[in-house]
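Residue numbers (my numbering), protein chains in the order written: chain A, 1 to 624; chain B, 1001 to 1258.
Think of the hints as simulated: they come from the structure by calculation, not from any bench.
Just to be clear, a hint being listed does not mean it is correct.
[Claimed, not checked] Just so you have them, the derived chain A footprint on chain B, three or more residues with Cβ under 8 Å:
| id | segment |
| --- | --- |
| 1 | 1023–1030 |
| 2 | 1084–1095 |
| 3 | 1121–1128 |
[What the hints assert, rightly or not] Calculated pairs, SDA-like style, for lysine to any residue (alpha carbon to alpha carbon, straight line, at most 20 Å):
| id | chain 1 | residue 1 | chain 2 | residue 2 |
| --- | --- | --- | --- | --- |
| 4 | A | 3 | B | 1106 |
| 5 | A | 16 | B | 1048 |
| 6 | A | 255 | B | 1209 |
| 7 | B | 1027 | B | 1083 |
| 8 | B | 1209 | A | 102 |
| 9 | A | 102 | A | 224 |
| 10 | B | 1199 | B | 1174 |
| 11 | B | 1209 | B | 1143 |
| 12 | A | 255 | B | 1143 |
| 13 | A | 255 | B | 1176 |
| 14 | A | 255 | B | 1050 |
| 15 | A | 3 | B | 1209 |
Only a predicted model underlies this, so the values are computations on that prediction, with no experimental measurement involved.
C-beta: ideal position from N, C-alpha, C; glycine also.
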Amino acid sequence: MQKPALSDEILMKIEKPARYIGNEINSIVKEKNNVDICMAMCFPDVYEIGMSYLGIQILYDMFNRREDTYCERVYSPWLDLDQIMREEQIPLFTLETQQPVKDLDFLGITLQYEMCYTNVLQILDLAQIPMFSKERTWEHPLVMGGGPCSYNPEPLADFFDFFYIGEGETVYHEVLDLYKEYRRMGKSRQEYLRAVAGISGIYVPSLYEVTYHEDGTIASFEPKYPDVPKTVTKQIAMDVSDICYPEKPVVPFIKVTQDRVVLEILRGCIRGCRFCQAGMLYRPTRERDVEVLKHYAKVMLKNTGHEEISLSSLSSSDYTKLPELVDFLIEECSKQRVNISLPSLRIDAFSLDVMSKVQDVKKSSLTFAPEAGSQRLRDVINKGLTEEVILHGAGEAFEGGWNRVKLYFMLGLPTETLEDRKNIAYLAEKIAERYYEIPKDQRNGKCQIVVSTSFFVPKPFTPFQWVRMCTKEEFLERAKNVNDTIKEQLNKKSMKYNWHEADVTILEGILARGDRRLGKVLLRAYEKGCLYDSWSESFHYSLWLETFEEMKVDVDFYTTRERSYEEILPWDFIDCGVTKEFLWREWETAQSERVTKNCRSGCAGCGAMKFGGGVCFEDKSAVC
Amino acid sequence: MKIRVRFAKWGMMKFIGHLDMMRYFQKAMRRAEIDICYSTGYSPHQIMSFAQPLGVGVESCGEYFDMETETLLPKEEALNRLNAVMAEGVWVMDYGKIAEDAPNSMSAVAMAEYEIGIRNKAPLPNEFDELEAFIKNFLEEHQEIIVVKKTKKGEKELDIRPHLYLVEVLKEPGGTFSFPFSYQEEEAEQTGNTRLHLKLAAGSAVNIKPNLVLEALCKAAGETYNFTDYAIKRLDLYGKEGPEEAPVYPSLGNMIET
């Protein structure tokens, strides 16, 4: 057993000491002196969030299969420990060996949402690693980034040595092998960075020069040296059945957000919703073999002892072998009373049947994500869900005993009008009316319809990457429209309306489409005390506003400004398969309120076919 | 089948709280493929109940829980299967059937036995002679030991003296479980070999935690009590039998059939 990095005094004083002691079931124990490469994967948020993330479990398993490598884990110390570590100058440590992070060869940080950027700085700061890549030497770990936000890594460009664009199962081994070789040959860190930039998918921001026009837009974005690639191409695993997947995921002692076995059934999404970044980034859709999934389900349940298994994908209903997989799971799980959780299912006869088998109808609720209130706006965003389908699905569910419905919408979508917003309330009303059509003696009390809205943030690599985002005032006004209209409905007592915070949305909007000039702004905000921005209790918008003023940041430049097709966007150097031409075409189609078919119904020529696999090459006649 | 399990918990595992230990063992039963019984209904749970919560920061070699299983595994096989899936710092010491009519471990607990190492930095002495003299003197001077006990409703004063069944000083650690050697070495370095040995009332009626005794000792010495100055270990839990005037306290482990 490792001696903890923290003393008993500290561990007894802080909340949930189990966040920091490691030693969990299935965590990997190796002798760190017997490996060539010591590294850690970090999720820059609190342990319970970070441990719920499948990506690190996959990479942790993959790296530790290498005999020459020991991969450990690190999460953000919560605010209580953060303060103690600063006061007592305790360097941030890994969970497994409890050694200082600064002694590692690599520190990989996953970037899942923009609001974790100040936590990234906290990790570097507490680890006592120089903040800026340019200040680091071989004395420090190589700091690498990955995950969805690395598709616009520019706001973090100064802090990372390199970014890995794409799925981790592909070129990490080359990155590590090159490191071993260069260290053995006594090469400099600069030489390594230059060489690693030659590996497809690796972006070394310090090797690129960005110049700006007077109006603040990018004039040029060029490699500094001829051997550095101008475009960085996303890396993806084409055979997702054959890639490594953890058979023994780490089991936390404390309750974490996703306290269950997670079975990834497919990558990518055929749907093409125009607001959805994941739907564009992870193309083409690739399914995992059902027999492989059955094997993993069995083995992972046995090795973890979890009481729940969940399917993971962007759209579970689009998995072609879903009925077969679900039947298997119901059979397998009933033996050990394991619960099955089926997120992102389309509500139809099949899913209602499955749900009634795996959960208590009385306690569960139905979830629909129409995203927009009117059919017109749903066509604009290419959300192929019609009112008819929603009412039909809800009706069947109500007949089956359900009486709770959750509806998710976005506000501030391109072309959105007051009428579109009012339609959110009208839709909720129609669903409620459908419920009360059921004779009183056959229904289950009152129905409850929870309407939630989030505010729309335009994201890179979507057809909406050029559009204007709303201001905070506009967002709140829009939420008020919905709230007022809901109050006018006949069945308002069966409805509840929640809306997202507007402040944090503005910040997300700035960072999502930001450029590398924001690096110094992030650092200043962090120095002022911004941390855990994704947690409402620790999000201080006033500190951010102060920082913007001090650093002379024009918030509108990043949020409400409409970009032109010709403008060089900060993320244009990345090739994620989906072409800029396709995205623009989709933006134009959106404006003419027309839908685009999903990948299985007809190819829209997005560009992802160049990867040579997945749904692009499925036999179209074999499936619906 | 009514089964009782005894386990030990030490090292970093002392920071895992009671509820998390329950969750830990629920998952461990699945990993070890023990055919534990489930309650009926839509959200079935394992039929398992723990004897007595152990405070965070306290180690033990006398933790118990009872459970229902479909079949009875031979003791050795059950121990092997469970210990194969334990985290470092938890060890299943005993496993076996108890009588169907035996009271469950939670209601049976009447006494808990502790052994306390006094760390070098603590204000109380950890030399045997010095500590023994101090304890002897303390007990002579305190026919009543009034402590302030925090309850859900607030604070109340309580005389714990009648609930101290044994207070003595040992020259070296006792107990029947041998903790890993490296762990023992490290512990000896911090605390020496002298141990304060306590048997205290425990259970739902009166429950005296060892820190109440340590607090009283510190107060008598005119020092402040600091939890991390002491290495507290629970050695065992006991039930209560026989007439009220001459009760006997059998270990909860005695009820496990061999």
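Structure-based check of each hint:
Given as covered by chain A, the segment 1023–1030 of chain B passes the check, having 7 residues with a CB less than 8 Å from a CB of that chain where 3 are the minimum. Counting residues of the segment 1084–1095 of chain B whose CB lies closer than 8 Å to any CB of chain A gives 4, so the stated coverage by that chain holds, three being the minimum. Proximity of the segment 1121–1128 of chain B to chain A, defined as three or more residues with a beta carbon under 8 Å from a beta carbon of that chain, is not established by the 0 residues found. For the proposed pair residue 3 of chain A and residue 1106 of chain B, the alpha carbon gap of about 33 Å is over 20 Å, so the pair is violated.
For the hint pairing residue 16 of chain A with residue 1048 of chain B, the CA-to-CA distance comes to about 24 Å; that exceeds 20 Å, so the pair is violated. Annotation: proposed proximity of residue 255 of chain A to residue 1209 of chain B is violated, straight-line Cα distance about 27 Å (limit 20 Å). Our distance criterion of 20 Å between C-alpha atoms is met by residue 1027 of chain B and residue 1083 of chain B, whose separation comes to about 13 Å. Restraint check for residue 1209 of chain B and residue 102 of chain A: not satisfied, since their Cα atoms lie roughly 42 Å apart, outside the 20 Å limit.
For the proposed pair residue 102 of chain A and residue 224 of chain A, the alpha carbon gap of about 29 Å is over 20 Å, so the pair is violated. Taken as a hint, the residue 1199 of chain B and residue 1174 of chain B pair is honoured in the structure, with Cα atoms around 13 Å apart against an allowance of 20 Å. At roughly 19 Å between alpha-carbon atoms, residue 1209 of chain B and residue 1143 of chain B fall within 20 Å of each other, so this suggested pair holds. Restraint check for residue 255 of chain A and residue 1143 of chain B: the C-alpha separation of about 45 Å exceeds 20 Å, so the hint is violated.
For a cut-off of 20 Å, the pair hint linking residue 255 of chain A to residue 1176 of chain B is broken: about 33 Å separates their Cα positions. This hinted pair checks out: residue 255 of chain A and residue 1050 of chain B have alpha carbons roughly 19 Å apart, not beyond 20 Å. Only pairs whose Cα atoms come within 20 Å are accepted, and residue 3 of chain A paired with residue 1209 of chain B is rejected, the gap being roughly 27 Å.
Hints 3, 4, 5, 6, 8, 9, 12, 13 and 15 from the list above are not met by this structure, while the remaining hints are.
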